[in-house]
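A.B. asks: As a plain string of letters, each chain reads:
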Amino acid sequence: MTELRDFLDPGSVAQLERLQVVARKIAEGFLRGLHRSSARGSSIEYAEHRPYVPGDDLKHLDWRSYARTDRFYLKQFEDETNLRATLVLDTSASMSFSSGEITKLRYASCLAAAMAYLLLGQRDAVGLALAGESLKQHIPPRASAENLAGIYGAMEKARPEGRTDLSKVLSQLAERVDPGSLTILISDLLDDEQSVLSGISQLRQRGSEVIVLQVLDPCEKELPFNSWMVLRDIEDPSIEMRLDARQLAELYRENFIEHQDAIRKGCSAAAVDYLCLDTSAPFANTLGRFLHLRSRQR
Amino acid sequence: MNPLPDTFHNPYLWPLLLFALLPMLLYLVDRRRARRLDWPALRFFLTRQRARLRWIRLREALLILVRSLALFLVVYALLGPATRVERELSSSSSLNRGLVLVFDTSFSMSYRPAEEAGDLLKRAKTRARALLDELRPADSALVVSPPATDRTPGDDLFDLEKRRLELEELELGGGPFDLLHAIDDAIGKAALLSADIREIYIFTDHQAGSLPAKEERSLEFLASRLAALDPAPSITLVDCGTPETSNHRIVEFESDSLVTGTDSAIGFHVRVAPAPGAGGLHLRVTVDGEVIVSRPLEEEGPATRELSFSHRFSSAGTARVSAELVGEGAGDGLPGDDARHLVIEVLDRLEVPIIQGSPDKGRAGGGHWLDLALFPRYGEGQPPKVIFRPVILGSAESGILARSRVLVLSGIPSVEPRELELIENFVRRGGGLLVFADAATDRLFANDRLWQEGRGLLPAALLKRQKSETGEAYHPVAVNLEHPVLSIFKGVSEADLGRLAIRSYWTTGPVKEKAAILSRTSGGSPWIIEHSLSDGRVIFFATGADPADTDLPRTPLFVPLLHRLIRYLALGPSIAIGCNQGGTLEVALEADERAAEIRLTRPNGETEKITNSTGTGKRGVSWRKTTQTGFYSFDIGQGNSGKRTVTLAVNMDPAESNLERIDADSLELLERKLGIDRLRHSQDRPGLRRSVIVELEHWPYALLASLLLLFCELVLLRGFASSRSPVPAGGSS
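Quick note, the sequences are listed as chains F and X, same order.
Mapping the first sequence onto the numbering used here, position 72 (from 1) lands on 72, and the numbers just tick up by one.
Mapping the second sequence onto the numbering used here, position 695 (from 1) lands on 695, and the numbers just tick up by one.
Hints are computed from structural coordinates only; laboratory data are not their basis.
Hints are not guaranteed to be accurate.
Stated by the list, open to error - No farther apart than 20 angstroms at their CA atoms in a straight line, the calculated lysine to any residue pairs in the SDA-like style are these:
no.	chain 1	residue 1	chain 2	residue 2
1	F	Lys221	X	Arg52
2	F	Lys221	X	Thr507
3	X	Lys385	X	Glu419
4	X	Lys673	X	Leu37
5	F	Lys221	X	Thr584
6	F	Lys221	X	Gly174
7	F	Lys221	X	Ser534
8	X	Lys512	X	Gln452
9	F	Lys221	X	Leu46
10	X	Lys490	X	Pro413
11	X	Lys464	X	Arg520
12	F	Lys221	F	Arg232
13	F	Lys221	X	Arg50
14	X	Lys625	X	Arg50
15	X	Lys467	X	Lys512
16	F	Lys221	X	Arg48
17	F	Lys265	X	Ala515
18	F	Lys221	X	Lys467
19	F	Lys221	F	Ser99
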């Protein structure tokens with residue numbers, strides 16, 4: 001029997017086909033894990049109880065508390081304001097890379113699906129934007145199950161292809177988002193950092209909060225090879241290079257770190273939250289970190 | 001200084017240079033095995049690091065180059081390259097010297113240049129003396145005259161006074177001079193000198209005969225010997241000869257035989273090489289001082305002229321025959337080769353023992369026919385003037401054999417083992433044996449005791465008696481008319497020989513390997529066979545000497561044939577008695593002479609009594625002091641108060657009298673291969689070297705350069721990395 005914790009493991013998740021299922025499993029699994037550890041403060045389900053007073057909506061009565069305590073309490077949700085969040089999913093060819101059981105796109109999709117599920121669970125409106133060389137698809141944020149299904153369907157149909165031009169995508173998106181909304185960019189960010197930061201700043205200028213989740217494969221942060229390799233760029237197959245991985249590993253790693261530092265600093269300067277994610281990291285950790293960021297924003 | 005090395009001490013390591021290609025090969029092999037992979041961050045990486053990548057590629061190429069070069073330098077160092085550099089020696093230099101002075105004491109050095117009082121050896125000594133005078137007390141020296149016996153130098157190496165004495169005592173008589181052997185020997189002697197500077201000086205007249213035909217391998221061997229020494233000795237060839245020599249000489253003087261009879265003449269042959277432009281020369285031949293031939297030599301003519309003449313000696317004994325160049329202009333710088341001498345033994349009587357079995361009843365045996373043919377004395381008139389005196393014997397007698405030169409076996413009688421041993425020893429010591437195999441020959445005895453499976457007196461085994469049954473006799477065929485004996489049948493007599501009837505003969509088995517078949521029968525089997533047994537010769541006839549087997553004894557052919565056979569076997573060509581100038585004269589002594597007094601008379605007339613200390617050995621006399629050419633007479637007193645005189649001739653070695661000089665090409669080869677210095681002008685006086693050739697080893701520099709290159713590699717490898725500061729890994733904000 002599939003255990004709940006399995007859905008928190010990216011490898012296992014990858015085996016499941018439907019994002020809808022995946023999202024629910026991940027989210028519920030995450031939440032139950034939170035319950036077990038009784039870690040408060042990060043729950044988005046509800047923040048506290050308050051005693052029932054006549055006239056309150058019975059829909060929010062916590063029957064379990066009543067069962068335990070013989071008293072009526074109302075569940076009070078943290079956030080009763082409608083947040084409009086847009087998940088921006090990078091579907092360029094580079095997201096198809098995988099050195100293990102799950103591609104970056106699949107990981108990002110699962111993560112995005114789980115996030116969408118959780119957001120909707122909090123009655124936030126959630127939308128989707130598929131990014132590539134341009135904005136491939138945009139589902140405006142809505143707080144409805146149908147919208148969520150549409151988001152799932154769009155993510156499932158998305159194929160990693162084409163090059164990455166986040167600047168263009170984000171500037172296109174900036175024209176569509178509302179001030180005060182939340183944009184969650186899930187991408188490997190393998191593009192010129194200035195270009196990425198420029199797009200992010202446009203969103204910020206529109207008044208949108210931005211969270212950047214950089215999804216990377218553990219291998220692509222380094223050149224984990226001990227011989228000569230002929231590497232061909234996934235996004236532009238015409239670019240090919242024969243190199244000695246042993247000679248260039250150091251340079252490559254430093255280059256990556258430089259790039260990440262630049263993005264981190266840029267995000268920090270733009271008051272944008274940034275997370276670097278590894279496709280081998282369990283979703284629970286990732287979701288936990290995301291929610292921590294979310295809670296800081298409130 | 002030439003940066004390129006002059007030599008490599010370990011040239012066999014050249015193949016190791018291939019290791020210098022190893023870095024390049026590994027790079028290429030590694031590169032070819034590259035895996036293909038789609039990579040997400042390549043474009044991103046290339047865009048950011050294009051300049052750095054170019055530098056990295058360049059660095060990689062430099063690394064390969066540096067590694068290859070470093071390997072190359074290591075192997076180069078292992079090859080042991082060195083450059084010879086000449087460094088000046090100051091007069092106050094503290095370096096001590098070791099000299100090896102090598103002298104050519106062959107008789108060509110007895111040449112006296114017209115302008116000097118002494119000979120070439122004296123000239124050599126003068127120059128060597130000058131070198132010794134330049135030495136200091138701390139220096140050492142050796143005086144060598146090949147073929148000197150091996151001498152292990154002792155503490156007297158530094159006794160320069162002793163060296164001077166040895167120099168003065170040097171004499172001619174060292175035998176032919178071989179320059180390469182002399183250099184080889186000198187290198188060995190130089191190795192024994194512990195000095196800072198080693199020098200070899202070779203004093204020679206540069207005679208062409210002293211340097212054999214270009215032997216590059218020998219020179220390479222000598223070069224390697226030189227290189228193995230540290231310090232390596234320098235070699236200076238001091239030319240003590242003269243570029244232009246005027247020397248006429250008798251190159252060769254031979255006779256047809258060194259033993260002859262008073263009954264016939266023998267031929268003499270002289271080869272003369274007069275000096276160009278020498279006029280008034282005569283060739284004079286004397287016998288015991290009496291002129292028998294005197295012929296003028298024309299001034300113009302070929303370089304070498306041949307003259308032949310014959311002479312019949314009228315009295316028995318030892319004849320001293322000399323061929324000399326006399327007359328106006330005869331004196332030249334090398335008188336020793338102006339005459340050559342021969343000792344001829346003249347016999348007026350030659351006993352020819354004929355051993356035969358008992359003749360058949362009613363028929364004279366072969367010995368009878370041989371007797372008559374050798375010394376026809378029956379009939380009216382005076383017996384012919386031949387020296388042969390046949391003696392028919394029933395068995396071999398040691399006394400007769402001791403004074404005979406030839407023995408005839410008529411038939412092959414069964415002789416006692418002791419007699420057989422006498423006969424065999426007689427032949428082995430140089431005696432001649434003539435064998436006629438007739439019907440009475442005991443085949444089994446002959447094969448068992450005389451053939452002995454090829455080790456005995458006979459040249460082939462006897463198989464069976466072959467008779468002409470149809471009445472048609474056999475005849476001689478395939479006669480070797482070039483043989484000295486059978487050559488008399490050339491012309492008219494050849495036909496007579498071909499008609500000779502052979503009625504019966506012995507067939508033989510395969511002849512010995514070195515035996516010569518002089519004639520066959522028309523039946524195919526050999527008729528006359530000659531072979532040698534140690535110093536003696538044997539001629540075998542497969543027929544008897546009587547008319548039972550052939551008509552030969554009844555024909556006019558028999559007498560001349562037999563006479564020539566006997567002369568050939570008894571008086572034929574023999575080894576010259578005597579030796580070359582500087583050699584050793586050997587005289588065998590009889591048992592009763594070993595304690596006798598021996599007096600020697602030299603060519604110049606001086607006499608000397610030979611005592612045990614001066615040469616008398618147990619079985620003979622060996623006399624080594626043969627610097628004079630001419631006749632040496634040994635008067636040996638005998639036990640019964642008699643006296644025996646042995647006369648031997650000493651002549652200059654023809655090779656020594658050829659004063660042709662070593663050609664320029666050969667000398668340049670020596671210079672090139674061994675680094676020999678030559679003093680080209682014979683008047684130059686050599687001084688000690690003012691400079692020394694030092695071998696500058698390249699290997700320390702090569703290794704140092706290799707280390708520097710490895711340091712460069714480290715710099716290349718680390719310099720790039722150290723230029724970047726450490727950066728923390730990416731994480732959450």
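A.B. asks: Output the indices of the hints that this structure fails to meet, ascending.
C.D. replies: 2, 3, 4, 5, 6, 7, 10, 14, 15, 17, 18
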